[in-house]
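Visitor: So the chains spell out like this:
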Amino acid sequence: MIDTADGAPAADDDPIVFEQLLRLQAAREQRRDRMRRTGRQIVVLAIFICLLGLAYSLYKVVGTAIDDSQSDWPVIGSILPESDDLKMPPVLDIVSGIFEEPRGTNEPFWSIVGKEAAFTLREAAVGFAIGVIVGLSIAIVLTTSGRLERALVPHVIASQTIPLIAIAPIIVIWGRKSFDFLPFEWQDWMSVSIIATYLTFFPVTINGLRGLQSPRPENLELMDSYAARWVQTLWRLRLPASLPYLFAAFKIAATASVVGAIVGEISAGVKGGLGRRVLLEAQRYTTGPERLYVAVLGAAALGIFVFAVISTIEYGLVGRKGRETVT
Amino acid sequence: MSDAGPDMNDQAPAVEIRGASKIFNPGRHNEVKALEDIDLHIDQGDFVTLIGPSGCGKSTLLRLIAALVDPSDGTVLVNGKTADAARLDRDYSMVFQRAGLFDWRNVSRNIELPLELMGWKAADRRRRSAEMLELVKLTEFARHHPAELSGGMQQRIAIARAMSFHPQLLLMDEPFGALDEMTREHMQNELLRICSETRITVVFVTHSIGEAVFLSTEVAVMSPRPGRIAAVIDNDLGPRTDATRDDPAFFSNVTAVRDALRGGH
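Chains A and B supply the protein sequences, listed in that same order. Position one of the first sequence corresponds to residue 1 (our numbering), numbered consecutively onward. Position one of the second sequence corresponds to residue 1 (our numbering), numbered consecutively onward.
Take these hints with a grain of salt, some might be off.
To be verified - Here are the in silico distance ranges between beta carbons for each label pair:
| id | chain 1 | residue 1 | chain 2 | residue 2 | range |
| --- | --- | --- | --- | --- | --- |
| 1 | A | Glu218 | B | Ala122 | 22 to 32 Å |
| 2 | A | Gly53 | B | Ala122 | 27 to 37 Å |
| 3 | B | Arg18 | A | Ile133 | 43 to 53 Å |
| 4 | B | Arg28 | A | Val231 | 53 to 63 Å |
| 5 | B | Ser72 | A | Phe18 | 22 to 32 Å |
These aren't lab readings, by the way, just hints derived from the structure by calculation. Just so you know, these numbers come straight off a predicted model, no measurement behind them. The C-beta atom is built at its ideal place from N, Cα and C for all residues, glycine as well.
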């Protein structure tokens with residue numbers, strides 16, 4: 001079959017190549033399947049949301065019925081949370097609350113909440129970006145030495161035990177008083193971004209560290225054998241190898257940055273975002289309970305949005321490439 | 001020593017090891033004497049296999065030549081320079097048991113990796129990568145990703161990557177150890193073809209006697225704990241074909257290597 005002294009066989013005769021062509025065909029079909037699956041997932045999500053609304057309504061019906069007949073069902077009646085229209089506004093009220101113009105405005109409520117979500121998104125996005133830079137920098141520094149890692153990781157973990165609500169006002173006060181040296185005027189929403197950063201950097205550091213250490217020893221030896229400089233190894237091996245780990249962290253960090261921004265707004269008293277809206281609608285709950293629900297739905301939608309953005313970027317960067325293992 | 005001219009390089013032996021030893025974790029409770037008193041001389045163009053039972057230090061010896069591990073004692077010269085100078089000059093290239101391709105890069109970009117590290121221009125890299133793919137006969141897979149390829153193909157890409165910058169010396173650490181028997185024989189034939197086309201010097205670590213005898217011009221038999229070179233067996237079987245595997249001379253050399261391995265115990 002093969003004669004190394006004279007002439008080599010053509011690629012088509014090569015048994016390994018031929019077998020591989022068959023496998024690639026199978027891989028292509030697998031990819032098409034995956035596209036179909038994505039479409040199905042969207043449908044499933046829509047059905048899930050409808051079912052959630054249905055369950056909510058159903059509970060209301062059952063709960064109200066038991067409430068009305070408390071004498072017949074004394075035990076259950078007092079155990080089950082109450083479900084009157086004030087405590088649980090009907091689904092249709094919530095849906096119409098999205099489109100109604102609140103008194104004193106001539107703007108539909110979804111538009112108001114949307115603008116506030118955009119305000120919060122800016123805080124969260126800036127906080128996320130700083131958190132990624134800080135978190136990744138810490139991870140890279142810790143990668144350089146095992147001793148440094150052992151010494152500093154406990155401190156990184158300890159930093160997360162401080163309650164966010166406690167540090168939020170401090171950061172706002174610092175922001176107002178001590179950031180005069182900056183070339184731009186410090187605004188309160190920037191303080192909220194710092195609060196979001198505080199939640200964001202942690203998963204990036206922890207997962208980034210694992211990812212940067214994930215290359216196999218022989219891959220690191222390979223780079224050494226090519227006399228690669230430290231930065232070259234970082235850029236061409238450690239960072240790309242850590243991308244799957246980093247994106248797992250980015251998803252946690254992105255949703256955490258939204259939570260951090262909302263909690264930060266509330267505890268720092270910053271005006272203009274979703275946190276303020278939630279606080280406001282809670283205060284005037286009795287005059288329009290559905291508006292609090294809409295505000296909370298807006299916060300949830302913002303969280304889902306940032307998650308979807310990260311997932312899409314991940315798919316573009318690591319999802320398509322080299323993921324379909326042929327067996 | 002490190003600025004020996006190209007003329008001198010051609011004359012200097014590819015590898016010259018004198019009295020080298022390696023002790024891991026010296027002075028500690030987990031001290032391991034991996035290599036002791038190694039002398040090894042490899043001429044340019046030789047194909048030398050290092051064979052021995054597992055734990056005999058053959059991989060360590062290969063890493064000594066690659067300057068990935070420093071000797072505790074003795075000298076290691078590659079092309080007449082210290083091993084580390086040879087590493088920094090990119091005189092050699094390494095192939096491991098696992099292909100170790102970067103799965104976020106396509107096949108062509110994997111082959112370009114060492115060229116990128118050496119600062120080659122993109123167009124030159126692409127041209128060389130295409131040449132290398134031709135050499136390993138995988139041109140049609142240039143844009144595929146490693147995960148889409150079988151183990152044998154991945155290892156061929158790893159060899160193409162190792163050869164991409166035309167190193168003078170190829171260091172291979174059980175490169176076919178993870179492949180099945182059929183693929184393995186195929187890869188051995190391919191490797192010999194590539195070597196005959198490029199006249200490269202090869203140091204090849206294996207624990208398969210048949211593989212050692214089929215591939216190499218010299219077999220260095222190692223004994224364990226601490227690793228020493230027990231014998232160096234001349235293995236001149238002429239140009240290899242599949243018929244070589246059934247040649248009586250092949251079998252007598254297999255017997256010679258096996259005897260040397262037993263003597264080492």
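Visitor: Does each hint hold? Answer for all of them.
Guide: Hint check:
1. A/Glu218 to B/Ala122: 22 to 32 Å: The hint (22 to 32 Å, Cβ to Cβ) holds, given that glutamate 218 of chain A and alanine 122 of chain B are roughly 27 Å apart.
2. A/Gly53 to B/Ala122: 27 to 37 Å: violated, 55 Å
3. B/Arg18 to A/Ile133: 43 to 53 Å: Given about 51 Å between the Cβ atoms, the range holds.
4. B/Arg28 to A/Val231: 53 to 63 Å: violated, 33 Å
5. B/Ser72 to A/Phe18: 22 to 32 Å: violated, 49 Å
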